[in-house]
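Asker: Use these hints to put chain B onto chain A, whose structure you have.
Each chain is listed here by its residues.
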Amino acid sequence: MRLWRKSASPDPAAAENAAAGARYASAKERLKGDAQETARQRLMIASVIFGIAFTAVGLRMGYVSLLRDGAEPTQRVAARGGSIQSERADIVDRNGAVLATSVPVMSAFVNPHLLLDPQEAARKIVTALPDLKYDEVREKLEGDRTFVWIKRGLSPREHDRVNRLGIPGLEFQAEERRIYPQGTAAAHILGYASVDNTGLAGMERYFDQQLQSGETVQLSIDLRLQRIVEREIARAVQKFSAIGATAIVMDATNGEVLAMASLPTYNPNSTRTLTNEALFNRATLGVYEQGSTFKIFNTAMALDSGKVSMTSVFDATSPIKIDRFTINDDHAQRRPLSVPEIFKYSSNIASAKMAVDVMGPEGQRAFFDKIGFLKPVTTQLPEVASPLWPRHWMKINTMTIAFGHGISVTPLHLAMGSAAMVNGGILYQPSLVKRTAASDKGRRVIQQKTSVHMRQLLRLNAVEGTGKNANVPGYEVGGKTGTAEKPGRGGYRQKALISSFVGAFPMNDPKFIVIVSLDEPKGLPETGGYATAGWVAAPSVKVIIEQIVSLYGILPGDLKEGLPPIEIASTPVPAPVVPAPVVPASIRRSPGDHRKALPVRPAPGQTAAAPGPGVRRVASE
Amino acid sequence: MIQVPRDDRSVIGQWWWTVDRWSLGAILAIMAFGVMLTLAASPPAAERIGADSFIFAKRQFMFLPLALLVMLGISLASPRHVRRLALVVFCGSIVLLAATFVIGIEIKGARRWISVPGLSSVQPSEFVKPSLAVISAWLLAQSRTERRAPGYLMSTVLVGGVLALLVMQPDLGMSVVVASVWAVQLFVVGLPMWVAGFGAVAGAAGMVGAYFLFSHVRSRFDRFLDPTSGDNYQVNTSLEAFMNGSLFGRGPGEGTVKAQLPDAHTDFVMAVAGEEFGLVVCLMILALFAFVTLRSMSRASKETSLFITLAATGLAVQFGLQAAINMASTIQLIPAKGMTLPFISYGGSSALAMAICVGMLLSLTREHAGLREAV
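Here the protein sequences come in this chain order: A and B. Numbered per the UniProt record's numbering, the first sequence spans residues 1 to 621. Numbered per the UniProt record's numbering, the second sequence spans residues 1 to 375.
Keep in mind the hints are simulated off the structure, nothing from the lab. Everything numeric in this text was worked out from a predicted model, so none of it was measured. Just so it is clear, CB atoms sit at the ideal spot from N, CA and C, and this is done for glycine as well. A couple of the hints might just be wrong.
Stated by the list, open to error - With the Cβ distance kept under 10 Å, some of the chain B side facing chain A (calculated, not the full set): (1) A32; (2) V184; (3) Q234; (4) F242; (5) G278; (6) A287; (7) L294; (8) K302.
What the hints assert, rightly or not - Each computed EDC-like pair below joins lysine to aspartate or glutamate, with the alpha-carbon atoms no more than 20 Å apart: (9) A/K353 / A/D329; (10) B/K302 / A/D34; (11) A/K32 / B/E367; (12) A/K32 / B/E254; (13) A/K441 / A/D509.
Claimed, not checked - Now the in silico label distances, taken between C-beta atoms and shown as ranges: (14) B/M36 / A/H113: 27 to 33 Å; (15) B/W15 / A/H113: 55 to 61 Å; (16) A/A56 / B/E254: 25 to 31 Å; (17) B/W22 / A/R164: 49 to 55 Å; (18) A/G33 / B/W17: 23 to 29 Å; (19) A/A174 / B/W22: 48 to 54 Å; (20) A/G33 / B/L283: 35 to 41 Å; (21) A/G33 / B/W22: 24 to 30 Å; (22) A/A174 / B/V35: 45 to 51 Å; (23) A/L165 / B/A200: 51 to 57 Å; (24) B/D222 / A/V98: 38 to 44 Å.
Same shape as in the complex, but just chain A (with noise of 0.2 Å):
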């Protein structure tokens, strides 16, 4: 250990002397004394420096509390615990399209008893934020309160700009706003949430337990159909100058709602400016006396009986009078018909008769009962309507129901309904959120050979009779048109309609049904004056089935007898040939989205990859 210093002397040679005559004891002392010097020695270095070290924390702490870059002390907002919202979750179409969401964003708030100068403060917040008016803000500042809301879901720029007021007393909160990123798009069905992120209406309050819970919603909307409807409806309306329309597209075989429109509109993103008449849904909330479409119940009722074949004949020579009514037919043929013929002459008087003899008013009360058109649509929407139908229901509200008058329904009514005369006689409820298979099993509500029968007349009636102009070549369209008029001050309204067309394809074995219904359409000169559905509605659901053949991709040699059913695609099939793009490039997915981008099922003798590209065209046209 010759490292260590054995004493703090100077001069070795005077330690020595020191300790050479002392005892062994006072040697001992000197070498204590000598080491006790140097510690002192030492320790005086070691608190100098510590005294350095204690100095500098001391100048540091007076550089970061006063003189550190001399800005303003910043405020924060304190995160008290548990404030913090957990956030609302999206809506989804099918194919995992967002159609709401919620996205943070700051609120402005005052405390007035903090304000120096409540008139000059709303003077800058009216400068800052100039939808609002001077004299409201000025009031809300000069009340008696410690917390008033100033403008809340504020954009990026207005928070800029409303912090750089700085006012002492206005304050930010952190909050999270609803955003429809699709504007009008299903307005009806998603509905709107308040500020307060509760739902008010559609799904937004349907699901409202479930969305503040984080669980997203998936529709079974498609959009990029759901656009398409929205499109051809809005065209219609304009064009017929109508004042309101409605359409649904329904998948036939599981009851599923692929796109249902209501006009007029609104945009669930400014929820300030709402008007009833925008909110209101027609194709739920809308109770109507669906006219002639009725004539596909009478008659698939008629045929389930086995009282009536399709063979059977009743008189339609001379109207009837009952009471003081008399029941006529539009397109009189005055003579006995067939029931193909009262289908498509769509004859009123023979299909009263039909009614009256064949299941009289309590059988025919029983059947509509049965397929739910005497209660509300049970469906994932708040806004649902009953039906109208008379208490005490004679022989004369048979005779009048038989062709859709005295009795309203929605229009969710009438595609339901109409799916289980066409689908093999299974009625299911409509659904608005995806089906998972079998999520609803359905209903049998008529034979199933009445539903081919119900086939077979639906696309006579397109190919010979009033639906001829929602024909699509190739693809098998059925239907029917239904003209009522609508009911005014002491008896209806001849000059105001509600014209319909249900439509269904293929018909050899139905997947979709389209509906579509105008409000109060006027005749043109190209339609010879006529207001008819088969002259307003009809058009349309012709465009909107053109518009989901090449959406999904279909083909007119998917529509053999023995192929597999049709799929619902989750992309839009891309023409191998023409690139034509049939569906808008707004609602096109990217490239990288494709789960499924094969047609949906080869036509024979040839592949899915390639198609004709002539057989393609028909559908885009």
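Answerer: This is chain B only, laid out in the frame that chain A set:
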């Protein structure tokens, strides 16, 4: 010098007239600040874990009187008893320290705590520090003055062993304190200047080694040297707090930083002091720590027993260094280091260990006239 009445020969009476009453007063003042700051800083932390707002404050109010009693009790002891106590505490805490590797609780990536029924968790390394300082002081003094017993070697082995355990935990902050205390003791005992210089270089090399060996040390250094390189959230928030507080603070309870800093009641308690009570109070706290440290070192230098000088120096350095490192981290003077502020940061282990440290310090810095042979 000291007016001791002839009839007052009681232990308490003697203690009162011999103890360093100025340092004792400063320590009590520090504890008072600790109470105040715990009340201010701990409720948000308690609310974050979903507990009663004042759970930490209540616990600290149990720890502090206990710590005060322990401190005063130990300060009554004679240097000889202090040495024995240190030996007992050292042996016990070394066993526990080793046990952390087997039964330790892992908190934030380090195994430093041991669960003790009734006391929740104990951090043995806190207790190793003061006891090791006293023991190594005794070993060094023995070697230096008596020239018997291989004291240097033994103290080197002991400190080396403890350092190894601490680095394995890993607890770099604690290792730095232990190594620094020992280095100061060696320096004071008479290490040649060139060795001291060499030691300083070696210490720096050790830091560089830690930088490359331990990723969390590296990331802290990187963030210190280049604040934009990573998440400096705690330190930035802390600086902001000081800025908000300015000279006189925003007022008690008016702070916002405590809601954002996870460690506002422990390692970053000075940030809360800075924001709510301002620079003036911060400087007062700093001055109290500096006063106790420097005064104790000064008193140690006047001692006639080398053991007492070295032990008191070691304890004073430990106390002062811990305070300095904590405060310097808070204001970004050095890279962030997990270190508690004695008697102010929340924590039972820390408070109790500091009570032992300061109790021994007060005992050793008493006037020992006529007590030399008792050493």
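Asker: Would you mind marking each hint as holding or not holding in the structure?
Answerer: Hint check:
At about 20 Å, the closest approach between the beta carbon of B/A32 and any beta carbon in chain A exceeds 10 Å, and the interface hint on this residue is violated. Interface hint status for B/V184: upheld, as the beta-carbon distance to the closest one in chain A is roughly 6 Å, under 10 Å. The interface hint given for B/Q234 is violated, since its Cβ lies 14 Å from the closest Cβ of chain A, which is over the 10 Å cut-off. The restraint placing B/F242 at the interface with chain A holds, with a minimum CB-CB distance near 4 Å, inside the 10 Å limit.
Evaluation of the B/G278 hint against chain A yields a held restraint, the C-beta minimum of about 7 Å falling below 10 Å. This hint holds: B/A287 has a C-beta 8 Å from the nearest C-beta of chain A, less than the 10 Å allowed. Interface hint at B/L294: satisfied, since its Cβ lies 6 Å from the closest Cβ of chain A, which is below the 10 Å cut-off. Checking B/K302 against chain A: minimum C-beta separation of about 8 Å stays under 10 Å; hint holds.
Restraint check: the Cα-Cα separation between A/K353 and A/D329 comes to about 13 Å, which is no more than 20 Å; the hinted pair holds. Under the criterion of a C-alpha separation no larger than 20 Å, the hint pairing B/K302 with A/D34 is consistent with the structure, at around 13 Å. For the proposed pair A/K32 and B/E367, the alpha carbon gap of about 19 Å is at most 20 Å, so the pair holds. Annotation: proposed proximity of A/K32 to B/E254 is violated, straight-line Cα distance about 56 Å (limit 20 Å).
A threshold of 20 Å between alpha carbons decides the hint, and for A/K441 with A/D509 the separation of about 18 Å falls inside it, so the pair holds. At roughly 29 Å, the beta carbons of B/M36 and A/H113 sit within the given window of 27 to 33 Å. For the pair B/W15 and A/H113, the supplied restraint of 55 to 61 Å holds, since their beta-carbon distance comes to about 56 Å. Range check, A/A56 to B/E254: Cβ separation about 29 Å, and the 25 to 31 Å hint holds.
Evaluation of the 49 to 55 Å hint for B/W22 and A/R164 yields a pass: the beta carbon distance comes to about 54 Å. Evaluation of the 23 to 29 Å hint for A/G33 and B/W17 yields a pass: the beta carbon distance comes to about 27 Å. In this structure the hint that A/A174 and B/W22 lie 48 to 54 Å apart at CB holds, the actual value being about 51 Å. In this structure, A/G33 and B/L283 meet the distance hint of 35 to 41 Å, their C-beta atoms being roughly 40 Å apart.
Take A/G33 and B/W22: their Cβ atoms lie about 28 Å apart, and the range 24 to 30 Å holds. Look at A/A174 against B/V35: about 35 Å separates their beta carbons, and that is not inside 45 to 51 Å. Distance hint check for A/L165 and B/A200: the Cβ-Cβ separation is about 56 Å, which falls inside the suggested range of 51 to 57 Å. For the hinted restraint 38 to 44 Å between B/D222 and A/V98, the CB-CB distance of approximately 40 Å keeps it satisfied.
Checked against the numbered hints given earlier, this structure breaks hints 1, 3, 12, 22; the rest are met.
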